[in-house]
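Participant: Now for the letters of each chain:
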Amino acid sequence: MFRLLKRLFKKTTGQEPESFTTRAVAYPFCVAAVLFFGFQVTVVTMGSLELIWPNLPAPVPFRSGRMVHLNLSVFWPLMATIGAAFYFFPGEAKNELAHPRMARLLSYGLPVTLVGILLSFVFGLTEGREYLEAIRPFDWAITLALLLFSIILTQTYLKKATPKLRPALLGMLLGAYSLLGLFIPNLFFYSHPAVDEVVKFWVVHLWEEMSLELLGTSIIAAYVLSSTPRNRRAVHTILYLDLAFVLITGFFATGHHYYWIGLPHYWLWVGGIFSTLQVLPSVFLIYSQYKSYRAEKFQSMSRAEKLGFAFIVSSLFYHFLGAGVLGWILAMPFINNFAHGTYLTSSHAHFALFGVFGFLALGFAVYILTNEFPLKNKDYKRLWWSIAFLNVGLLIMGLALAIAGTLETYLYRILGNDFMETQRILIPYLVIRTAGGAVFSAGGLILAWTIFKLAIGNLHGIIFLPPERRK
Amino acid sequence: MKYVIICLVVVALLSPVIFFYLLYTSTAPMFNEELPEEAVIGKRLWQSKGCVECHTIFGNGGYNAPDLTNSFSIRGEKWLKQFFAKPPMMRPHKQRKHPGLTPKDTRAMLAFFKLLDNIPNLGWPPKPHYTPAPKQQDGQ
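Chains as they are written, first to last, in the UniProt record's numbering: chain A, 1 to 471; chain B, 1 to 140.
Derived by calculation from the structure, the hints in this document are not laboratory data.
None of these values were measured; they are calculated from a predicted model.
Misleading hints may appear alongside valid ones.
Unchecked claim - Derived list of chain B stretches under chain A, where covered just means 3 residues or more per stretch with a C-beta under 8 angstroms from a C-beta of chain A:
(1) 3 to 16
(2) 22 to 36
(3) 80 to 87
(4) 97 to 111
(5) 115 to 125
What the hints assert, rightly or not - Simulated crosslink set (DSSO-like; lysine-lysine; CA at most 27 angstroms straight-line):
(6) K94/B x K114/B
(7) K97/B x K200/A
(8) K164/A x K49/B
(9) K114/B x K200/A
(10) K2/B x K94/A
(11) K81/B x K114/B
As the list claims (entries may be wrong) - Far from chain A by the CB rule (all over 10 angstroms, computed), these chain B residues:
(12) C54
(13) A65
(14) D67
(15) S73
(16) R75
Heads up, the beta-carbon is just placed ideally off N, CA and C, and yes, glycines get one too.
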């Protein structure tokens, strides 16, 4: 099977992939995602200073800053993923997107909604549930956006010429529906705290580890198939397997969030076993990628492809280290009993959220934009620097947090020291974290600045849809 | 290979059904439970104040303030009442005090804490191995 894949990933020259005009709706999503990311790294590095010097005067309270951080970290990868789905869906469906104007409206509406959410946080309005702090009107706006996203993909899928059994299309559709379906129950108030926690993790866990993973895997597959259309069947087999694994492990591994919130004892077993199985798809994915890419000469890729490839390799690395290994260790019930709710969780969250989905989403955004609007030589070099900074910064940050979390687990949970005394001991590691964060932010700002310049230089092409092609 | 894939896809499509059924059976008793009205008001208060950004309940939330799952039994009603009436400085801050609550809100919040304390969550957080005498000083 891997030999087939190897052949499959070889470059075919002279065969231009079909291009569709409506995929231009993806550009504003991509630009917005990168710019929000640039904003996030700036805010967050300043916020982390407050944990070191508590008496530092801050323009917004810590609570608002953290809400801004959490919500940005969920919504800009979502934005880039929606954009990438719009970009790659037409090629795979062999059809133009249905309702391109609606998609374009969505590409302006979603960033505006996010700005509204952030402003409401600064004014202290909150729903008070971690990661889902946006107040109700904004929640409805997001539901509407996800509904539009599902409708557009479905209508495109239902067009006559669309091949119906392509797993990349089915994966993207399933991802879109599950994003919507899992968000809707979170529009309501739950009076029982345990029920509230149960429903909350349908977004906090299942969005990331199932919906976005379905979308991301399918998007990568659609890209691979669009550049090398030979031997679809082998890719389809692998993709069906991978998507099935993601669905099964994604759902049941949610159990590792249900250990201590008041659910029956058997969730320890469900969560433990399926969190272990969750390592398998990531190993499988990495192995197949390694096998397939080794065959291809890196030099023969275009510049945009090389950049996208670098982001995806970074993503795979953290997929294994942060989400796979560290996540698995943390999810074991006997370890989780002590390590839950310490900086170890924070370390895992940074590795898994940015490491996996952040890199993937940035990869999509940067690939799409640089593919359509070529950059100058100097700018490509800058983007490579930014990838290096992001990787080094994230590694320093995550490791410092992991050490702090291990110490906290030992001193606070096992020895039973005073909470605030423990926090005082952790400060040196939080300083290292902020230093890593500064390196990371440098990378993020370089990236955001380069994309900002690109967007300004090609403003017309990004904002307006190209005229529809006559058939 | 073809049949393996078909089987896997079927299992995959069944997994959400099983998952949500398991969740339904585990949470059904909670839906039937009559919650004290004041505790529900307390939960709304907890949410509107954004307490979760610094504190955790069931270990989920912010990591720079203590977990409050069992604060009702650890601190006791009297201590908590005094805490909200005269909120102390937030260590290690030197200027900023913990937000306070009106007596009515305090009662609701304590009802919520009591509800949290009574949820059987498999004994989490774990008891430390060497417990020093609990420090009953202010500031936490």
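Participant: Indicate, hint by hint, whether the structure satisfies it.
Facilitator: Verification of the hints:
no. : hint            : verdict
1   : 3 to 16         : holds (count 8)
2   : 22 to 36        : holds (count 8)
3   : 80 to 87        : violated (count 0)
4   : 97 to 111       : violated (count 0)
5   : 115 to 125      : holds (count 8)
6   : K94/B x K114/B  : violated, 31 angstroms
7   : K97/B x K200/A  : violated, 30 angstroms
8   : K164/A x K49/B  : violated, 49 angstroms
9   : K114/B x K200/A : holds, 22 angstroms
10  : K2/B x K94/A    : holds, 25 angstroms
11  : K81/B x K114/B  : holds, 13 angstroms
12  : C54             : violated, 7 angstroms
13  : A65             : violated, 8 angstroms
14  : D67             : violated, 6 angstroms
15  : S73             : holds, 16 angstroms
16  : R75             : holds, 13 angstroms
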